[in-house]
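Trainee: Listed here are the chains, written in short residue letters.
Protein chains: 2
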Amino acid sequence: MSLLVVGSIGLDDVETPRTKRTNLLGGSAVYFAIAARFFTPVQMVGVVGEDFPAEHRQLLADRDIDLEGLEVAKGKTFRWSGKYLENMVDRETLRTDLNVFGEFDPKLPPAYRTADYLFLANGHTSLQLKVLDLMEQRPKFVVADTMNLWISTTRSELDILLGRIDALVLNDSEARMLTEEHELLRAGRAIQKMGPSIVVIKKGEHGALLLSHDDCFILPAYPLDEVIDPTGAGDSFAGGIMGWVASSNDITPVGLRRALLYGTVAASFTCQGFSLDGLLNIDRKDVDKRCREFREMLQLPA
Amino acid sequence: MSLLVVGSIGLDDVETPRTKRTNLLGGSAVYFAIAARFFTPVQMVGVVGEDFPAEHRQLLADRDIDLEGLEVAKGKTFRWSGKYLENMVDRETLRTDLNVFGEFDPKLPPAYRTADYLFLANGHTSLQLKVLDLMEQRPKFVVADTMNLWISTTRSELDILLGRIDALVLNDSEARMLTEEHELLRAGRAIQKMGPSIVVIKKGEHGALLLSHDDCFILPAYPLDEVIDPTGAGDSFAGGIMGWVASSNDITPVGLRRALLYGTVAASFTCQGFSLDGLLNIDRKDVDKRCREFREMLQLPA
Chain A
362 MSLLVVGSIG LDDVETPRTK RTNLLGGSAV YFAIAARFFT PVQMVGVVGE
412 DFPAEHRQLL ADRDIDLEGL EVAKGKTFRW SGKYLENMVD RETLRTDLNV
462 FGEFDPKLPP AYRTADYLFL ANGHTSLQLK VLDLMEQRPK FVVADTMNLW
512 ISTTRSELDI LLGRIDALVL NDSEARMLTE EHELLRAGRA IQKMGPSIVV
562 IKKGEHGALL LSHDDCFILP AYPLDEVIDP TGAGDSFAGG IMGWVASSND
612 ITPVGLRRAL LYGTVAASFT CQGFSLDGLL NIDRKDVDKR CREFREMLQL
662 PA
Chain B
362 MSLLVVGSIG LDDVETPRTK RTNLLGGSAV YFAIAARFFT PVQMVGVVGE
412 DFPAEHRQLL ADRDIDLEGL EVAKGKTFRW SGKYLENMVD RETLRTDLNV
462 FGEFDPKLPP AYRTADYLFL ANGHTSLQLK VLDLMEQRPK FVVADTMNLW
512 ISTTRSELDI LLGRIDALVL NDSEARMLTE EHELLRAGRA IQKMGPSIVV
562 IKKGEHGALL LSHDDCFILP AYPLDEVIDP TGAGDSFAGG IMGWVASSND
612 ITPVGLRRAL LYGTVAASFT CQGFSLDGLL NIDRKDVDKR CREFREMLQL
662 PA
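So the sequence lines, in the order shown, correspond to chains A and B. Residues 362 to 663 in my numbering are what the first sequence lists, from first letter to last. Residues 362 to 663 in my numbering are what the second sequence lists, from first letter to last.
Bound-form chain A, shown alone (with noise of 0.2 Å):
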């Protein structure tokens, strides 16, 4: 089954504690696809700027990333700045320059108004809820994200938004603010109230969990020798939930615990490397194989 995603696409400059690297691709719409093209082909609606490289353009071709939705307006691409504390967990976000992503108003291709499955990257409310209204019929399945930023400035239209979704993919501070509880699992039922029927709160190097209807799960995170980079974790884990559930074209509760193992491996490779190169580095082979390993870490014997 088809799958589209909106969000951002911008040039990040990362620092950690060992390593600073500038320029490099990146963007919630980015590492979500290249999280989700181990199972189904992606297409991706986005805007660059006139200085965005021709070979992050290219990286993006050539893994099979539909780009007939990638806009290139007058003006700089979207850029992101952070730096990561010694736990390689806390963050500073040193900058970010909207640009052409401030005033994007999206277009999409008519093969992408009939997708299946619609992932509203992290992005401006309105832009997300623009993107739900160009869709030609409903999709089959609708995933938003959404961060810190837009709940304390754009209240009122996430709030139609989650009226809209199917459901909502956010991190536990974010789940907090939002419904004011600080269990987590109060947060997610109080979520489930104001729309979506399927919660995903993403807890980082914790793990996740899910609420979809009545079932409950939770989920560790992938257990790391060494956290490289963290940047991208929480796109390539909706991008490994949408990449499985839209080759499986399962979202029953069952269907989407599975899709979380996928989430899950998927992100614990972006950390593995600086920017995407932990997900660039390895194919579907790889995933499976640490899917496996997981498994049996996970193990709970009768």
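Given that identical chains are not distinguished, each listed pair holds provided it fits within a single copy or across any two copies.
Pairs of lysine-lysine, DSS-like flavour, derived with a Cα cap of 30 Å:
hint, residue 1, residue 2
1, Lys444, Lys564
2, Lys650, Lys564
3, Lys491, Lys564
4, Lys554, Lys501
5, Lys554, Lys650
Keep in mind the hints are simulated off the structure, nothing from the lab. As the structure is a computational prediction, the values presented were derived from the model and not from experiment.
Fit chain B to the given chain A structure using the hints.
Mentor: Here is chain B on its own, set in the frame of chain A:
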């Protein structure tokens, strides 16, 4: 198989954002024993002062905890007081008065000296070593807990202890402190190299990591709607683990995975009540019922 615990028995003053109570029965050996007794009888070695309330002693006796090893010494009972912050995870220790526990010279009743399973609950490292020396024969399975205080003040004794135990249970920050490794997988492996072939790293509300020989097992915590008081959660986690292994007499990696489930569920009940209330108001059936529910939440479809 017989299970022996040595550790602190104390009077706690606990304050949460919603409640404050004083002179509560507490201590590492107490929380351990109250959780372990769901599975097997427990022998307890410890010391209290002349001020130890008769009703606290009665409470333990009523739960079939063998108090032959409970010494009453001249002076005051060990006291701890702590205050939890709004997130119910972080806490401030307001006061620790070792009192009679500070000079405790343990004596083991003859029946205790051949215990098959021994848990050296959190307490001075030299006390843990002394108890080991007093055993008539080396128990089948010796497990110790420790904390930041002993890691920093009794490191050389701790190194000796690590060479004499089968398993170490400690929390994530302590594992990092002991090994100077940030990633828990690395920290756990480094501890295995120090002696114990089994390491359990507790991550509080994020679950636990078990390394036993070459086996690696990850278990999240049981998700709670509300945390009332997490005091003693780590000790009752160990109690559930040791109670289960002593009753099943299974210390294989598979058996230990199962034991972690019981420990996690015991800890979850602890957090749901103030002080020991969450553990006192339930029976084995409640533990088994929650284990079944928890298994459902963890079930990863093929």
